[in-house]
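Chains as they are written, first to last, in the numbering used here: chain A, 1 to 107; chain B, 1001 to 1246.
If you are wondering where the hints come from, they were derived from the structure by calculation, not from laboratory data. Every value quoted in this text rests on a predicted model; they were computed, and no experiment measured them. Even glycine gets a Cβ: it sits at the ideal position worked out from N, Cα and C. Careful, some of the hints might be misleading.
[As the list claims (entries may be wrong)] Okay, the calculated bits of chain A under chain B, using three or more residues with CB under 8 Å as the criterion:
1) 5-13
2) 16-22
3) 30-36
4) 39-53
5) 60-68
6) 93-106
[What the hints assert, rightly or not] Residues of chain B clear of chain A, computed beta-carbon distances all greater than 12 Å:
7) A1014
8) P1028
9) A1039
10) G1047
11) S1058
12) G1069
13) F1073
14) I1155
15) I1180
16) P1210
17) K1212
[As the list claims (entries may be wrong)] Pair by pair, the computed Cβ-Cβ distance ranges are:
18) B:L1147 to A:F30: 29 to 37 Å
19) A:F30 to B:V1188: 18 to 26 Å
20) B:P1021 to A:V100: 27 to 35 Å
21) A:G61 to B:L1052: 23 to 31 Å
22) A:R107 to B:S1072: 33 to 41 Å
23) A:R107 to B:A1013: 21 to 29 Å
24) B:V1190 to A:R67: 27 to 35 Å
25) B:F1158 to A:R107: 28 to 36 Å
26) A:L64 to B:G1224: 39 to 47 Å
27) A:G9 to B:E1233: 18 to 26 Å
28) A:G61 to B:I1009: 15 to 23 Å
29) B:A1129 to A:T65: 57 to 65 Å
As a plain string of letters, each chain reads:
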Amino acid sequence: MNYVILIFGMALVTYGIRAAVFVLGERLTFAPIVRTALGFVPVTVLTAIIVPMTVAPHGNGAELTWRNPQLVAAAVAIVVCAATRRALLTIAVSLAVFFVWQLVVLR
Amino acid sequence: MNAKNNSAIKELAAGARDTLPMMIGAAPFGVIFGTLVTASPLTLWHGQLMSLVVFAGSAQFIAVGMIAGHASFVVIWATTFVVNLRHVLYSATLAPYVAHLPARWRWALAGLLTDEVFAVAYTHYQKRAPGETGPHYFLGSGLAMYLNWQAWTLIGLFFGAAFPGLKSLGLDFAMVATFIAIIVPQLVAVRFIAAALASGVLSFAWQGWPYKLGLLAAVLVGVGVGMALTLIEGRPRGRNAKERTQ
């Protein structure tokens, strides 16, 4: 039940953002500085989410070592993506590295 | 009237057809989302409900991660808000093309506006003058994406329920890989790299803050770093240049 409230709250927030401009129309305009700030939102949010998951996968401090499969596979993902710009290839290659690292290299 | 209906259906079908590549691209994310739900405190139908009413991939991923991390609802809502703010840019870009439509159309289209639908609809509208095109192409693209997301979520939920050991393999790395594939192509200038680095390092440093507030604070500082560098770079070039000199 509680999670239903959470989910509908998320829906309301998301729908409000999507509908605001379409429904209010001309009455809602954005200063250039706001547009600039919005442009930085995706990269900062997504990075803030994945860095702790990658650097400290067990939640007890940084694991900056080659024995951390999250970190190794994330580094591979960055290289593949920077080189090819292909999302699905990036995900496929880094997931493969992630599993191989866990099941083969660290055995 | 009949001819008008025919062209509406044609437009609807064209919108759906042009969205097909995006639908294929979203499939693995739907499956991963569904699978992550099975490894979280949420029940299966919660996962499908989220896809049905929220319909925003990255926000859904993040919410499941935060629920597992026992974040408070208010922080999850705030994060949803921040993560989905980019949609304001999409709707502002598409607004001239829907402004002439009745309100019920604008409400409906807004609900279907995702990254993918924006990309498809905008490509279509760009070739035409504002006010000239009907809403059916946009609707077709949005409905196709919506149904596609529901179907892949459902498959992921069953998949995760059938193989409960997936979580111990560290499947949440799929989310990391997905996000890297979104972030890296956006790092087109030093200011974006600096903003991302600042927010990543601080988010790690501030992990211990209650209710995951450290994450929101890190994002704010990251955006601040990006803004500061934009201002330092002085006369802005490119897309925003014209707006600023007005």
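Fill in: Given as non-interface: K1212 of chain B, which should sit over 12 Å from chain A by C-beta
10 Å, violated
Discussion item. Is the claim that G1069 of chain B lies outside the interface with chain A correct, judged by CB distances over 12 Å?
Written reply: Given a closest Cβ separation of 9 Å, the condition is violated.
Worksheet item: For the stretch 30-36 of chain A, does the count of residues with a C-beta closer than 8 Å to a C-beta of chain B reach 3?
Response: Holds, because 5 residues of the stretch 30-36 of chain A bring their Cβ atoms closer than 8 Å to Cβ atoms of chain B.
Discussion item. A cut-off of 12 Å on Cβ-Cβ distance, and I1155 of chain B was said to be off the interface with chain A. Does that hold?
Written reply: 17 Å, holds
Worksheet item: Can the stretch 5-13 of chain A be counted as covered by chain B under the rule of three residues or more with Cβ-Cβ separation shorter than 8 Å?
Response: holds (count 8)
Discussion item. Beyond 12 Å on every Cβ pair: is that true for A1014 of chain B relative to chain A?
Written reply: 22 Å, holds
Item to complete: Take a look at whether the Cβ-Cβ distance between R107 of chain A and A1013 of chain B falls inside 21 to 29 Å.
Response: 52 Å, violated
Practice prompt. Evaluate the given range 18 to 26 Å for the C-beta pair formed by G9 of chain A and E1233 of chain B.
Written response: 38 Å, violated
Item to complete: Quick one: see if chain B covers the stretch 60-68 of chain A, three-plus residues with Cβ-Cβ under 8 Å.
Response: violated (count 1)
Practice prompt. With a C-beta cutoff of 8 Å, work out whether three or more residues of the stretch 93-106 of chain A approach chain B closely enough for the coverage to hold.
Written response: holds (count 5)
Discussion item. Just want to verify: S1058 of chain B was marked as not at the interface with chain A; is every Cβ pair farther apart than 12 Å?
Written reply: 7 Å, violated
Fill in: Range agreement (Cβ of R67 of chain A with Cβ of V1190 of chain B, hint 27 to 35 Å)
Hint holds: Cβ distance 32 Å, inside 27 to 35 Å.
The structure is inconsistent with the numbered hints 5, 8, 10, 11, 12, 13, 15, 17, 21, 23, 26, 27 and 28, although it conforms to all the rest.
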